[in-house]
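Chains as they are written, first to last, in this note's numbering: chain A, 4 to 265; chain B, 2 to 142.
None of these hints come from the bench; they were simulated from the model. None of these values were measured; they are calculated from a predicted model. The beta-carbon is built from N, C-alpha and C at its ideal position, and this holds for glycine as well. Among these hints, one or two may not hold up.
[As the list claims (entries may be wrong)] Heads up, incomplete: computed chain B residues facing chain A, CB under 10 Å, no partners named:
no., residue
1, Leu31
2, Ala38
3, Arg39
4, Ile44
5, Glu45
6, Asp49
7, Arg51
8, Leu52
9, Glu56
10, Glu75
11, His79
12, Asp81
13, Glu90
[Claimed, not checked] Calculated from the model, a selection of chain B residues having no Cβ within reach of chain A, i.e. all distances over 12 Å:
no., residue
14, Thr99
15, Gly102
16, Asp126
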Amino acid sequence: MKGGPERAPGSEMQKPGSDADEAGAATGNPHLDAAKREELITANLGLAHQLARRFLHRGEPLDDLVQVASVALVKSVDRFDPDRGVDFAAFATRTIIGELKRHFRDKGWAVRASRRVQELYLELGHATATLVQQLGRNPTVAELAEATGASEEAVIEAIEAGQGYRAASIDASESEDDPLAVRLGAFDGNYDSVEDRALLGPALATLAPREQSILHMRFVDGLTQSEIAAAVGVSQMHVSRLLSASLKKLRETIGQAEAGRP
Amino acid sequence: MSDTGDGLGRGDRIELTFPARGDLVVLARLVASAVAARAGFDIEELEDLRLATNELCMLAMQGSDAQSGALYLELTMHGDAIGAVCTLERAAAAHAPTPEGEEIARLSELILDALVDEHGRESHDGAVRTWLRKQRGEHGA
Chain A
4 MKGGPERAPG SEMQKPGSDA DEAGAATGNP HLDAAKREEL ITANLGLAHQ LARRFLHRGE
64 PLDDLVQVAS VALVKSVDRF DPDRGVDFAA FATRTIIGEL KRHFRDKGWA VRASRRVQEL
124 YLELGHATAT LVQQLGRNPT VAELAEATGA SEEAVIEAIE AGQGYRAASI DASESEDDPL
184 AVRLGAFDGN YDSVEDRALL GPALATLAPR EQSILHMRFV DGLTQSEIAA AVGVSQMHVS
244 RLLSASLKKL RETIGQAEAG RP
Chain B
2 MSDTGDGLGR GDRIELTFPA RGDLVVLARL VASAVAARAG FDIEELEDLR LATNELCMLA
62 MQGSDAQSGA LYLELTMHGD AIGAVCTLER AAAAHAPTPE GEEIARLSEL ILDALVDEHG
122 RESHDGAVRT WLRKQRGEHG A
C-alpha cells in the first residue's frame, strides 16, 4: 500500500498525451512534445523547490540546491515514460532526491565539521564511485568501511554529518563549539532606511540566535511559518509563538530606545 | 545476511524512544542507518531508509505541538526487508490539521513514495502511527 498522494504539493500532475510521436526529435523524449515537456516542468518546479528545502541548512545556499533540483526535474521529465503507469511526481521525487544526495556526496559541504569527518565523507564519495565500478552495484557500509579503513560507525556518522536533512534543530550543536544557529549568518537584513537599521540592529542583537534566524527566514528569506517549521524541525505553532515573542521583544526594545532619544 | 553473526536477522527488533522534537529526529536517522548497515543494505538503500525514517517521524509529529510527549520508533527485520513503525502517543493532535500542515504531510508522503516499498499513516485513540517497509536489494549476502 502506498500512502502517497496523487499529486505533489505545489505542483500539478500533468499526464502527457499520446499525440506526441513526432515530439521526440525536439525534446529527447519520444513521449512528449515540446509544449507538454515545458508544461510538465513548469507544473513541478514547486516540487523541486520544496525538495531542495529539505536539504537546506547544510551550508549550501538554497539557490544552489534549487538549481540542482531543477536540473534533476528536467532530467526526470526527459526520462519519463507515461505508458509505464508510474506517477510522475513520485518518479521525479526519486530523481531529484538522488541528485541532491549526489550533489552533497560529490561536493562535500561548506558547513564546518571535524576534519576527520569531512575527510572521511569526501573519501566515501570517491570510494563509492570506485566500488560501484568494481562491484557493478552500490557498496554496503561494511564494504565502504573496509575500503576507507574506517569503522562502520564512523561511516554512518560521516553520512549523517555530510548530508544531514531538514529536521536538524537550529540550536543543535553539530560540532562541539559551533551551533547551527551561529552558522546561519548574521541578521543584517535589507531595511529601507539607515534609521530603521540603526534602531533594529541593536534591538535584534538582544534576541537569541535562534530568534534572529527565524525572523531572518520569515522576513528576509520570505519563508512561510510552515516552511520555517520544516527547516528548523519544530511545529508551525511553535514557530508562530517564537515569531510573536520575538516581535514583541523587538517592539519593546525599540520603544525603549525611542523613548530615550533626545 | 544470516540470522547469526554480527548482523541482523529475521525478527530482530530495535526500539528507540525520544522526546517528540524535530531536532532529535537525528537520533532516529542514526539508528535507522545503523540498522540498515547491519542488515546488509547498500549505501543507496541505507540513505533512502535514513531519509524515509526522518519523514516517518516528521509525519507522525505533523499537526502536533510536538514540544512534549514521546516518539516511539520500532525497527524490525522481516527477512530482506526492514519495517519501521513510528508512534506518537497522545493526540498529536489535539490540534486540528491545518492546510499548510497537510501540505507538508503530503510532501512527506510523496518522499516516502519515492524512497520505500510501502508506507502508511493512521490515527487511533489519540495516537498517530506511521509505518514503512523497505526491501533490501538482491545484492545482500
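Going through the hints against the structure:
1. Look at B:Leu31: its Cβ gets to within about 6 Å of chain A, closer than 10 Å, so that hint holds up.
2. Checking B:Ala38 against chain A by beta carbon gives a least distance of about 4 Å; that is within 10 Å, so the hint holds.
3. Because the smallest distance between the Cβ of B:Arg39 and any Cβ of chain A comes to about 8 Å, under 10 Å, the interface hint for this residue holds.
4. At a threshold of 10 Å, the smallest CB-CB gap from B:Ile44 to chain A is about 5 Å, leaving the interface hint in force.
5. Proximity of B:Glu45 to chain A holds as hinted, the smallest CB-CB distance being about 5 Å (cut-off 10 Å).
6. A cut of 10 Å between beta carbons decides the hint on B:Asp49: the least distance to chain A is about 8 Å, and the hint holds.
7. About 7 Å separates the beta-carbon of B:Arg51 from the nearest beta-carbon of chain A, less than 10 Å, and the hint is met.
8. Because the smallest distance between the Cβ of B:Leu52 and any Cβ of chain A comes to about 6 Å, under 10 Å, the interface hint for this residue holds.
9. Checking B:Glu56 against chain A by beta carbon gives a least distance of about 9 Å; that is within 10 Å, so the hint holds.
10. The interface hint given for B:Glu75 is broken, as the beta carbon of that residue sits about 18 Å from the closest beta carbon of chain A, more than 10 Å.
11. With a least beta-carbon distance of about 15 Å to chain A, the hint placing B:His79 at the interface is violated under the 10 Å criterion.
12. Look at B:Asp81: its Cβ only gets to about 13 Å from chain A, farther than 10 Å, so that hint breaks.
13. A hinted interface residue such as B:Glu90 counts as satisfied when its beta carbon comes closer than 10 Å to some beta carbon of chain A; here the least separation is about 16 Å, so the hint is violated.
14. At roughly 7 Å, the least C-beta separation between B:Thr99 and chain A is not larger than 12 Å, which violates its mark as non-interface.
15. A beta-carbon of chain A comes within 12 Å of the beta-carbon of B:Gly102; the shortest separation is about 6 Å.
16. At the 12 Å boundary, the C-beta of B:Asp126 stays outside the reach of chain A, the nearest C-beta of that chain being 20 Å off.
Of the numbered hints stated above, those contradicted by the structure are hints 10, 11, 12, 13, 14 and 15, listed in ascending order.
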